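Engineer: Below, each chain spelled out in residue letters.
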Amino acid sequence: MASDIAQPAGTHGAQIQHPVTSTGLPNMKLAMWLFLASDCLLFGALISTYVLYRGSSIVGPYPSDVFDIGYTSVSSFVLLASSLTMVLALSAIQRGDQARMRIWLLATAMLGMTFVGGQVYEFTTFFHHDHLSLTTNLFGTTFYVLTGFHGTHVAIGILMLLSVFGLSLGGRITQDKAETVELIGLYWHFVDIVWIIIFTVVYLIPTGK
Amino acid sequence: MASVSVPAGGGRGRGLLARPTATTGFWSWFTTVDHKKIGILYGITSFAFFIVGGSEALLIRLQLARPDQNILKPSVYNEIFTMHGITMVFLVVMPLSAAFINFLVPLMIGARDVAFPRLNAFSYWVFLVGGIFIYSSWFLGGAPDGGWFGYAPNSVVDPSRGMTFYAIGLIITGIASTVSAVNLAVTILNMRAPGMTLFRMPVFVWMSLVVQLLLAFSLPIITVGLVELLFDRRFGTHFFDPAAGGDPVLWQHLFWLFGHPEVYILVLPAMGIVSEILPVFSRKPLFGYQFVVFSGIAIGFIGFGVWAHHMFAVGLGPVANTAFGISTMIIGVPTGVKIFNWLGTMWKGDIRFTTPMLFAIGFVAMFVIGGLSGVTHAVVPSDYQQTDTYYIVAHFHYVLFGGAIFGLFGGMYYWWPKVFGRMLSEKVGKLHFWMMLIGFNMTFGPMHILGLQGMPRRIQSYPASLGLDFWNLVSTIGSFTIALSVLIFIVNAVSSFRKPKGMEADPWDARTLEWSTTSPPPEYNFAEVPVVHSLDELWHRKYAETEGGRVVPVAAGGSGTEAHPPQGDGHGIHLPGPSYFPVLASIGFPVLGYGIIFNWPLAVAGVVILLTGLFGWALEPSAE
Chain A
1 MASDIAQPAG THGAQIQHPV TSTGLPNMKL AMWLFLASDC LLFGALISTY
51 VLYRGSSIVG PYPSDVFDIG YTSVSSFVLL ASSLTMVLAL SAIQRGDQAR
101 MRIWLLATAM LGMTFVGGQV YEFTTFFHHD HLSLTTNLFG TTFYVLTGFH
151 GTHVAIGILM LLSVFGLSLG GRITQDKAET VELIGLYWHF VDIVWIIIFT
201 VVYLIPTGK
Chain B
210 MASVSVPAGG GRGRGLLARP TATTGFWSWF TTVDHKKIGI LYGITSFAFF
260 IVGGSEALLI RLQLARPDQN ILKPSVYNEI FTMHGITMVF LVVMPLSAAF
310 INFLVPLMIG ARDVAFPRLN AFSYWVFLVG GIFIYSSWFL GGAPDGGWFG
360 YAPNSVVDPS RGMTFYAIGL IITGIASTVS AVNLAVTILN MRAPGMTLFR
410 MPVFVWMSLV VQLLLAFSLP IITVGLVELL FDRRFGTHFF DPAAGGDPVL
460 WQHLFWLFGH PEVYILVLPA MGIVSEILPV FSRKPLFGYQ FVVFSGIAIG
510 FIGFGVWAHH MFAVGLGPVA NTAFGISTMI IGVPTGVKIF NWLGTMWKGD
560 IRFTTPMLFA IGFVAMFVIG GLSGVTHAVV PSDYQQTDTY YIVAHFHYVL
610 FGGAIFGLFG GMYYWWPKVF GRMLSEKVGK LHFWMMLIGF NMTFGPMHIL
660 GLQGMPRRIQ SYPASLGLDF WNLVSTIGSF TIALSVLIFI VNAVSSFRKP
710 KGMEADPWDA RTLEWSTTSP PPEYNFAEVP VVHSLDELWH RKYAETEGGR
760 VVPVAAGGSG TEAHPPQGDG HGIHLPGPSY FPVLASIGFP VLGYGIIFNW
810 PLAVAGVVIL LTGLFGWALE PSAE
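Sequence lines, in order, name chains A and B.
Numbering-wise (our numbering), the first sequence opens with residue 1 and increments by one.
Numbering-wise (our numbering), the second sequence opens with residue 210 and increments by one.
By construction, these hints were calculated from the structure, which means they are not laboratory data.
In this text the structure is predicted, and so the values were computed from the model without any measurement.
Here a beta-carbon is modelled for each residue, glycine too, at the ideal position from N, C-alpha and C.
Some clues are possibly wrong.
[What the hints assert, rightly or not] To be clear about the criterion: a stretch of chain A counts as covered by chain B if any three or more of its residues have a C-beta under 8 Å from a C-beta of chain B, and this derived list gives those stretches:
no., segment
1, 22 to 33
2, 42 to 54
3, 127 to 139
[Unchecked claim] Under 10 Å between C-beta atoms, here's a sample of chain B residues computed to sit facing chain A:
no., residue
4, Ala402
5, Gln421
6, Leu422
7, Gly454
[As the list claims (entries may be wrong)] One-sided and incomplete, this derived list gives chain A residues near chain B with beta-carbon spacing under 7 Å:
no., residue
8, Ser57
9, Leu88
10, Ser91
Produce the complete structure using the sequences and hints provided.
Structural biologist: See below:
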């Protein structure tokens with residue numbers, strides 16, 4: 001009985017060949033977009049909290065005492081550069097070039113790790129040198145939680161990149177699985193864009209004290 | 210497409226665990242990814258929590274039956290009413306709605322399953338472990354006792370561990386709901402059968418879609434609030450600490466920015482259910498289908514712009530209060546539109562007063578009362594008087610019990626034959642309905658009076674001299690009447706399983722696709738994927754209209770569905786295989802939660818379990 005007419009298959013089938021869906025978008029991609037939309041609200045609420053409490057700390061250190069804009073600009077540049085390598089990885093696998101994809105995936109992960117490493121270094125400097133901890137004042141509370149949430153997102157992205165890299169070594173990421181790389185790319189670019197907002201709101205706009 | 214009817218073989222040695230194969234028997238419930246079985250799991254679990262939360266309500270009513278009683282001491286009373294609220298909102302009405310949405314949506318849109326079946330199972334298990342996690346607080350240092358909305362700074366300085374359990378537990382159930390929201394929204398948008406355009410979808414599917422989007426966009430906000438609460442409690446941060454410059458009102462904003470859409474998350478599925486039941490038993494199409502759909506969408510949108518009406522007494526200032534007073538009145542409009550659509554559906558209909566129909570009518574009537582008392586809150590000066598009194602308690606029980614719970618019970622009577630292949634007794638069902646209606650109005654009607662007399666919420670007792678005794682006693686008697694009616698329902702449910710299985714496909718002469726397949730539906734839902742030509746597809750397959758406007762049955766053998774729909778044998782239909790990983794990964798969350806509260810190595814173990822589950826899941830060979 002021919003019963004599979006134009007019927008969207010489950011997840012497993014979906015990765016092998018794109019089944020016809022009602023919107024034309026693959027299920028996984030639509031799901032990723034919805035998740036990212038939902039995640040926007042997560043960062044929206046966190047950034048709102050930060051903005052609401054800007055300049056409300058009763059005791060120091062204050063943002064102007066601890067920030068090294070030059071340093072953070074460089075690490076921001078590193079993170080943004082990783083979006084380029086992510087695009088190159090996707091473009092490589094869409095052409096079926098697995099070797100190049102592996103190189104660019106690894107490069108993206110390395111750049112991401114450089115950024116997270118820079119963040120860890122920044123946190124430890126603030127903590128030991130400037131004596132700013134999570135509990136020192138409202139600035140410490142909101143700064144560490146907001147940037148920490150973002151750093152966790154980057155770390156999860158790195159984990160996904162390295163997982164795909166590992167799978168591709170086993171030859172399991174082929175041209176027809178390019179969507180997997182594309183999905184991670186969507187997530188990765190989203191996390192980068194969020195960082196642009198955080199960098200602007202937290203570092204670049206002066207608080208006054 | 211290479212396909213097998215039943216998942217064959219136990220994987221091919223790749224992956225962490227051999228893929229489970231059993232699709233029947235006790236253990237298959239742990240590995241199932243079938244949306245119908247998961248729907249039933251949601252139903253059973255939430256009903257169990259309904260009994261627990263209901264028992265907590267009875268304890269509250271016992272304590273308040275007479276003045277100056279001390280059946281529950283104040284600290285325990287605080288825990289009981291907090292847990293009653295958390296249970297009924299997060300562990301009863303939300304998952305009970307999820308039960309209907311899971312079971313029905315794929316059937317109604319002509320799909321074989323949801324978009325991501327294993328993710329669906331994961332959502333259920335995470336919800337279950339989240340609920341158990343919250344309830345384990347009773348044995349691990351005290352249950353949450355700061356009210357279901359956990360206002361700071363009270364929730365921060367509270368010395369028991371309860372509110373930490375509250376924060377982590379609700380984050381866990383929130384993850385479950387977010388995951389399921391994405392999954393179900395993709396299902397509705399992407400998995401529709403050929404011809405099932407958006408405006409041929411049953412209203413229940415529409416309302417489900419609106420609810421999934423509300424969940425996806427409101428849960429992250431409360432998650433941030435809960436994380437901040439958790440950090441304040443566990444790590445000494447200052448989010449809600451006025452002494453360090455923090456602002457407890459931030460919590461209220463974050464909470465109600467989620468909390469008000471949540472109200473519609475609770476009631477829209479019930480509205481969808483009622484919109485399915487009323488046309489069937491009035492033998493008329495839904496009056497103004499588009500209006501009902503657009504009203505539902507409008508409610509979803511405006512629902513994000515009214516949150517501060519929960520905070521009129523906080524002191525946000527006249528401009529904010531006026532703005533939110535107006536937006537609250539505006540949201541009454543699409544709700545009112547729906548009421549008239551339902552009345553218009555019944556108007557001059559050929560009404561059959563079956564049990565589902567009685568519950569649907571009960572829903573409309575009770576929701577009108579709750580809606581009207583809700584509009585009185587939109588008037589700011591009036592709200593100043595009502596804030597934190599029993600008037601508020603009366604109001605939200607009329608919309609959430611008289612509304613949501615009545616609608617959900619109506620849905621149970623209506624779809625029971627579809628889900629289990631057996632009918633619930635109509636006679637017992639009607640007894641259940643009338644007892645519940647009377648008990649409900651006895652319980653919550655008098656609370657309007659008590660509230661206007663000034664009785665505050667969340668007090669453990671009241672002195673005899675205040676003149677509050679009579680209506681409190683009436684309310685307590687009413688609550689036990691409700692309990693009795695629920696007992697009657699349980700008897701009805703259990704005795705339905707004594708009847709032989711094997712219900713006709715379409716016992717109610719209904720209108721939507723789920724009734725075109727067998728009762729209960731086969732694992733693959735439809736032997737042949739239906740092709741849809743109109744709204745109320747099944748009705749149009751069964752009936753045609755003459756030129757004079759008379760409805761006549763389509764001759765047998767036409768394009769209609771026969772009494773016994775084509776069974777097919779299910780060969781050649783590829784279904785996703787069951788999996789251990791959703792349940793395994795879900796266990797990581799409570800372990801991580803206990804770890805955050807008690808010791809860090811445990812938290813690490815939780816993350817390891819979660820990651821193991823997720824990696825095993827990603828690498829799991831498909832069953833082909």
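Engineer: Work down the list of hints and note, for each, if the structure agrees.
Structural biologist: Hints and how they fare:
Counting residues of the segment 22 to 33 of chain A whose C-beta sits closer than 8 Å to any C-beta of chain B gives 6, which meets the bar of three, so the coverage hint holds. With a cut-off of 8 Å between beta carbons, the segment 42 to 54 of chain A has 7 residues touching chain B; three or more are needed, and the interface restraint holds. For the segment 127 to 139 of chain A, the assignment as covered by chain B holds, since 4 residues bring a beta-carbon within under 8 Å of that chain's beta-carbons and 3 suffice. The interface hint given for alanine 402(B) is met, as the beta carbon of that residue sits about 8 Å from the closest beta carbon of chain A, less than 10 Å.
With its C-beta approaching chain A no nearer than about 9 Å, glutamine 421(B) sits inside the 10 Å limit, and its interface hint holds. Checking leucine 422(B) against chain A: minimum C-beta separation of about 8 Å stays under 10 Å; hint holds. Against a cut-off of 10 Å between C-beta atoms, the interface hint on glycine 454(B) holds, since the closest Cβ of chain A lies about 4 Å away. Checking serine 57(A) against chain B: minimum C-beta separation of about 6 Å stays under 7 Å; hint holds.
For leucine 88(A), the interface hint is violated, since its Cβ never comes within 7 Å of a Cβ in chain B; the closest pair sits about 24 Å apart. Interface hint at serine 91(A): violated, since its Cβ lies 24 Å from the closest Cβ of chain B, which is beyond the 7 Å cut-off.
In terms of the numbered hints stated before, the structure departs from hints 9 and 10, listed from lowest to highest.
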